[in-house]
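Student: Heads up: the protein sequence lines correspond to chains A and B, in order. The first sequence lines up with residues 1 to 552 when you count with this note's numbering. The second sequence lines up with residues 1 to 552 when you count with this note's numbering.
A couple of the hints might just be wrong.
Treat identical chains as interchangeable: a pair holds within one or across any two.
Okay, derived cross-link-like pairs now, BS3-like style, lysine-lysine, Cα gap no bigger than 25 Å in a straight line [what the hints assert, rightly or not]: (1) Lys274 - Lys285; (2) Lys132 - Lys285; (3) Lys91 - Lys182; (4) Lys201 - Lys462; (5) Lys194 - Lys40; (6) Lys182 - Lys194; (7) Lys274 - Lys498; (8) Lys40 - Lys65; (9) Lys292 - Lys40; (10) Lys65 - Lys462; (11) Lys285 - Lys498; (12) Lys225 - Lys498; (13) Lys462 - Lys40; (14) Lys498 - Lys301; (15) Lys65 - Lys301; (16) Lys462 - Lys194; (17) Lys40 - Lys201; (18) Lys65 - Lys292; (19) Lys498 - Lys65.
Because the hints were derived from the structure by calculation, they are not lab data.
2 protein chains.
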Amino acid sequence: MPNGAQALMKTLVDAGVEVCFSNPGTSEMHFVAALDDEPKMRAVLALFEGVATGAADGYARMADKPAATLLHLGCGLGNGLANLHNARKGKVPIVNIVGDHATYHVPLDAQLQSDIETVARNVSPGFVRTSKATAELGRDTADAIAAARGYPGQVATLILPADVSWGDGGVAAPPPPLPAPKLASADTVQAIAKVLQSGRKVALLLGCRALREPALLASAKLAAKHGIKVLAEVFPTRLERGAGLPTVERIAYLAELAGVQLNGLDDLILVDAKPPVSFFAYPGKASELVPKTCNVHVLAKPDEDVAGSLQAVVDATGAGSTTPVLQPAGRPGRPRGRLTAEKVCKAVGHLLPERAIIVDEAITSGLMLPMMTAGAPRHDLITLTGGAIGQGLPNAIGAAIACPDRPVIALIGDGTAMYTIQALWTMAREHLNVTAIIFNNRSYSVLNVELERVGAERIGDKARSQLDLNGPNLEFARLAQGMGVHGTRADTAEDFVKAFEYALAHPGPHLIEAVVPESLSGAKRAILPHLLRALPKLPAPLARALKRKLAP
Amino acid sequence: MPNGAQALMKTLVDAGVEVCFSNPGTSEMHFVAALDDEPKMRAVLALFEGVATGAADGYARMADKPAATLLHLGCGLGNGLANLHNARKGKVPIVNIVGDHATYHVPLDAQLQSDIETVARNVSPGFVRTSKATAELGRDTADAIAAARGYPGQVATLILPADVSWGDGGVAAPPPPLPAPKLASADTVQAIAKVLQSGRKVALLLGCRALREPALLASAKLAAKHGIKVLAEVFPTRLERGAGLPTVERIAYLAELAGVQLNGLDDLILVDAKPPVSFFAYPGKASELVPKTCNVHVLAKPDEDVAGSLQAVVDATGAGSTTPVLQPAGRPGRPRGRLTAEKVCKAVGHLLPERAIIVDEAITSGLMLPMMTAGAPRHDLITLTGGAIGQGLPNAIGAAIACPDRPVIALIGDGTAMYTIQALWTMAREHLNVTAIIFNNRSYSVLNVELERVGAERIGDKARSQLDLNGPNLEFARLAQGMGVHGTRADTAEDFVKAFEYALAHPGPHLIEAVVPESLSGAKRAILPHLLRALPKLPAPLARALKRKLAP
C-alpha cells in the first residue's frame with residue numbers, strides 16, 4: 001500500500017497535474033522521495049519560493065490546467081505569497097502544497113513552527129485544508145484540484161503534515177470532474193442585447209477568460225454590429241492578440257487616462273471583470289473610475305461560461321454573420337541609434353516570432369510595447385495581474401514549461417527583476433526557451449512618477465535615493481552568467497537587435513540587458529502630473545490625442 | 001502642522017529608532033518624502049523585502065534597539081515574512097511598518113488589495129495595529145515602539161494607510177518609557193539555589209538575552225561553584241564568545257546528538273529558554289529532547305531580567321567570589337591544500353579580527369566553526385533563530401550598520417545565500433564592512449542528510465535532483481560583481497586565506513566564494529543515519545566521544 005505522499009502524487013497525475021514547482025525542506029522529504037514513483041510527474045526545482053509560485057502561475061495561464069507547488073512550511077509559503085497573490089487576482093488555478101511539521105510536532109513550537117493556515121487564507125480564501133490523516137490525503141488532494149480548477153480558477157492550498165505524508169495507508173483518489181460553468185441566464189442575455197441595441201454609448205469590459213479568442217471574436221462581432229467599444233481590464237491574465245485577432249483597448253494604468261477612456265459612457269457591460277478602480281488612491285481623487293452617470297451591467301460573472309454567454313448575446317442580436325474588425329499584420333521598422341525603452345519595444349515588434357508568449361512586467365519601460373506588437377504575428381500576452389512585482393521571470397519559466405515549442409519573451413523592469421532574479425537559474429537548469437529582456441534604467445521609474453502623483457511635493461535627496469538604483473549599478477548580464485544563463489548587454493539599438501536575433505535563433509535561455517535612459521526624462525516627469533491633472537478637464541478630442549501620446 | 005508621515009518619523013527618531021530598512025511603493029511615498037524632514041533618520045534601501053526585514057533583525061541584535069522597516073502592502077509583508085519569523089523566534093525588536101492603501105480605497109479590492117493584518121499576525125502576535133487617523137498616528141507609533149522593545153522583544157507591526165500618512169494634523173508622540181523587567185521572585189531564586197546545591201546532575205539552559213556577557217559570567221560562576229553544566233539553545237539570537245569569556249555548550253541541531261547532551265540530567269534550569277525539542281519530527285522518534293526523568297525548572301522567563309536573576313542566584317549560593325572558567329586565547333593554524341568547509345572554518349579561526357561579528361548561516365558547512373573560533377578574539381555570533389533560511393546576508397547588513405566600527409564576517413551556505421542574494425547590492429550601496437563567505441558545495445547538503453533521517457529510503461534520481469544545485473553551477477563571485485561587490489573565488493586553502501586577508505585589510509564589502517566538496521561525503525552520509533540511530537544506545541563515554549567527532 002502506498003504511503004501518503006505516493007497517494008497524493010498519484011492523485012495529482014491522474015487528474016492531469018503533471019508538473020510540480022518545488023522548493024522543499026525536511027518536512028517535504030517523503031513527497032520528494034515519491035517523485036521517483038511517478039514517471040508522469042515533472043519536478044522543477046526553484047531556488048526561492050517566489051520563483052516556484054510564479055512559475056506555477058505562468059504554467060497554468062498557458063496550460064489551462066494547474067501545476068502543483070511544493071513549499072516548506074509557513075516561511076516558505078510567506079516567500080511564495082506575492083506571486084500567489086498575483087495568481088489569485090488573475091483567477092489562476094494552482095494546487096499549492098505546503099509541507100508542515102508532523103501533527104504531533106506542531107504543539108512543541110519548534111523553530112520553524114508558524115500558523116500556516118492563517119497566512120494561506122490571504123491567497124486561498126476559497127480553499128485551505130490541512131490534511132489530517134494519511135487515508136484522507138488522496139481525497140483532500142482531489143478536493144484541492146477540484147477547487148483550483150473551478151470557475152473562477154483559484155489557489156487551493158493543501159497543507160501536508162510530515163506524518164500524514166510518510167504514514168502508510170495512502171489511497172489515491174479518482175480525478176474530480178472538470179467544471180461545467182453555466183451560461184448567463186436568458187433574461188440576462190436579453191437585457192444585455194437590449195443595451196447593445198439602445199444606440200447609447202456602450203462598452204464591453206472583458207477580463208480574465210474573456211480575453212481569449214472565442215470571447216474576443218464574439219465581442220468584436222458585437223462591436224462591429226452595434227458600434228460599441230471593447231475594453232480589456234488593465235492587467236490581463238492572458239490576452240490573445242496580434243495579426244488576425246480582434247484588438248481590444250486596455251484600461252490604462254494611470255487613472256487619469258482611464259478616466260478619459262471611460263468618459264461619456266452610458267453603459268458598461270462586465271464580462272468576467274469588475275468595475276475598474278484606480279490602482280492606488282491619490283489625495284483628492286476618486287478611486288472609482290466609472291462615471292457616476294454610467295450604468296454598470298453584468299453579462300457573465302467569473303463563475304460562468306463567458307465565451308458561451310457572449311455568443312448567446314451575438315445570437316440574440318443577430319451579430320453572428322457580422323464581420324468583426326481584425327488586426328491587420330504589420331510590424332514597426334528596425335530601430336537604430338542610442339537605445340531607449342521605446343526602441344526595445346520596437347525591436348520586439350520588428351522581430352517577434354510566430355506563436356510567441358510575451359510576459360510583460362516592464363512597468364514604465366513597456367509603455368510602447370502594446371502599440372509596437374499590435375500587428376505582430378499572433379501571440380499571447382501575460383501581465384502583472386496582482387501588481388506584486390517579481391512575477392515576470394517566474395511566469396516565463398512556467399509558460400515555457402507549459403508550451404515547450406513556443407518562444408517566451410519576457411520584458412522586465414530592473415527593479416522588478418531583482419525580486420525573483422533566482423528564476424534565471426531554473427531557466428538554465430531546465431534549458432527553457434526564454435529570452436529575458438531587462439530594461440536597466442537604474443531606477444524605480446514608476447515610483448518617480450508616483451511620488452509626484454500622490455502630491456508628495458517637497459522631494460529631497462534622501463527621498464529620491466529611495467527610488468534610485470544607481471550606485472552600485474546592477475549588471476544583469478553578469479548576474480545571468482553567474483546563474484548559467486547566456487547574458488549580453490546592449491547600449492545601442494543595433495546591439496540590441498543583434499542580441500535579440502541571436503537569442504531567437506539559438507536555444508535559450510538568454511538574457512539581454514537593455515541599458516536605457518529613464519523612460520520619462522526629468523522634464524517629462526515634471527510635466528506629467530500637471531498634464532494628468534488637466535486631462536479630464538480638456539475637450540475630449542484633445543484629451544484623446546494626448547492620451548494616445550501617453551498611453552499604451 | 002506636520003502630516004501623518006512627518007509625525008511618525010519624528011516619533012521614531014525621538015525614541016531612538018534612527019534607521020529604516022525600506023522597500024517602498026506608491027502607498028508609502030509620503031513616508032519616503034518625510035525622510036528629508038528628519039536628518040536623524042537613515043534610510044537604507046533594499047531591493048527585496050526579505051533583505052529589509054533581515055537587516056532590521058540583524059541591526060536590533062547588535063544595536064540593542066529596534067530599527068524600522070518600510071514595506072509595501074500585504075505582498076511586501078509576505079516577501080518579508082520569513083526574516084520577520086526569524087526575528088520573532090529570536091525575540092528581536094522590530095518596528096515593522098507596512099504601508100496600506102488609503103482607507104477609502106481598501107473596499108474597492110484593487111489589484112494590490114490583500115488582508116495585511118491577517119498575514120502580520122503570524123509574525124506579530126503581540127502587536128498588529130492599523131492606524132485609523134492622522135491625529136492618532138504618532139501615538140500608534142509610540143505604542144508600536146513600546147511593544148517592540150518590551151521584554152521579550154518582538155516584531156510590532158504598524159499598518160499605515162496612505163491617507164493617514166498624507167493627512168494633515170499629525171502629532172508626534174513622546175518616547176515611550178524603556179521597559180523595566182522584574183527579577184525572578186525570591187522564592188524562585190531560593191528554589192533554584194537549592195537545586196544547584198543538591199549534588200544532582202544539573203544543567204542551566206541559557207537562551208536569548210542570557211547569552212550575553214553578564215549572564216554568561218554569572219552562569220560560569222555557578223558552574224564552577226556547583227559543578228553544573230551550562231548549555232545554550234541551539235540557535236542563539238546573539239552569543240558573546242571567544243577568548244576571555246565563559247564557554248557554553250550549544251544544544252546540537254541533530255536531535256540524536258542533543259539527546260546525548262541531555263542524557264542523564266536530573267534537573268534542567270531554563271533561563272530565557274524553552275525546553276529543547278527537535279528541529280523537525282522524524283518517524284518513530286520523540287520530538288521532546290528532555291529525558292522524562294529530568295525535572296525542568298524556570299529561573300527567568302523572557303519577560304524577566306535574566307542577568308539580574310542569575311546574579312541573584314549567584315548571591316544566594318555564595319558563588320560571587322568563585323572564579324569562573326574562561327576560554328583561553330588560541331587559534332588554529334593556517335590551513336593548506338585543497339579547500340574544504342572545515343579549512344574555511346579553520347582560516348576564519350586563524351584570522352578572525354578583534355571585535356568581529358560572525359553571522360553563521362552555513363548549515364552543514366559551518367559544523368566546525370564553533371570549535372575553530374572558540375579561542376579567537378572576543379566576538380559576537382548571530383545565528384538562524386527561526387530556521388527560515390535567507391537570514392544571514394540581510395543580518396550582516398543590519399549588524400554592519402549597527403556597529404560600523406566592527407568587521408562583520410558572514411558564513412553562508414550556497415542554497416541559503418540564494419534566498420536573499422539581493423542583499424549584496426545594499427552592502428555595496430552602503431559601503432558596509434562585510435565579508436560574505438559563501439560555501440559553494442553545489443547542494444542542499446543538509447537535505448541530503450535529512451532525506452535519510454526521515455526514513456525516505458528508496459531515493460531515486462528525481463528526488464536527488466531536488467537537493468542538488470549542480471547544473472548550472474552557481475558562480476557567486478560573478479553574482480557579487482553584478483551587484484557591485486568585490487567578489488573572489490577560492491579553490492584552495494591558500495587562495496582562501498589570501499582572499500580573506502585581503503578582505504580584512506580593505507574596506508568592504510567583499511564576497512569570497514569557497515568552492516568546497518559536500519560537507520559530508522557519500523560514504524559518511526550513508527553511515528550517518530545508522531550512527532545517529534545507534535548513538536543513544538551506546539555507553540555514555542563512547543557516545544560522547546563520537547559526539548565530539550560529529551558535533552559543533
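Student: All the hints need checking, so say for each whether the structure fits it.
Tutor: Hints versus structure:
1. Lys274 - Lys285: within (20 Å within a copy, 53 Å between copies)
2. Lys132 - Lys285: So Lys132 and Lys285 pass the 25 Å test across copies only (20 Å; inside, 49 Å).
3. Lys91 - Lys182: The answer is within: 17 Å in one copy meets 25 Å, while 53 Å across copies does not.
4. Lys201 - Lys462: neither (48 Å within a copy, 58 Å between copies)
5. Lys194 - Lys40: neither (51 Å within a copy, 64 Å between copies)
6. Lys182 - Lys194: within (21 Å within a copy, 76 Å between copies)
7. Lys274 - Lys498: Neither: 42 Å inside a copy, 62 Å across copies.
8. Lys40 - Lys65: Answer is within: at 15 Å inside a copy they meet the 25 Å cutoff, but 53 Å across does not.
9. Lys292 - Lys40: neither (54 Å within a copy, 47 Å between copies)
10. Lys65 - Lys462: between (47 Å within a copy, 23 Å between copies)
11. Lys285 - Lys498: Neither, since 45 Å and 61 Å both go past 25 Å.
12. Lys225 - Lys498: neither (45 Å within a copy, 77 Å between copies)
13. Lys462 - Lys40: For Lys462 and Lys40, only the inter-copy Cα distance (12 Å) is at most 25 Å; the intra-copy one is 54 Å.
14. Lys498 - Lys301: neither (46 Å within a copy, 66 Å between copies)
15. Lys65 - Lys301: Answer is within; shortest intra-copy Cα gap is 20 Å, inter-copy 51 Å.
16. Lys462 - Lys194: neither (57 Å within a copy, 58 Å between copies)
17. Lys40 - Lys201: neither (52 Å within a copy, 56 Å between copies)
18. Lys65 - Lys292: For Lys65 and Lys292, the Cα distance exceeds 25 Å both inside one copy (39 Å) and across copies (51 Å).
19. Lys498 - Lys65: neither (36 Å within a copy, 54 Å between copies)
The structure is inconsistent with the numbered hints 4, 5, 7, 9, 11, 12, 14, 16, 17, 18 and 19, although it conforms to all the rest.
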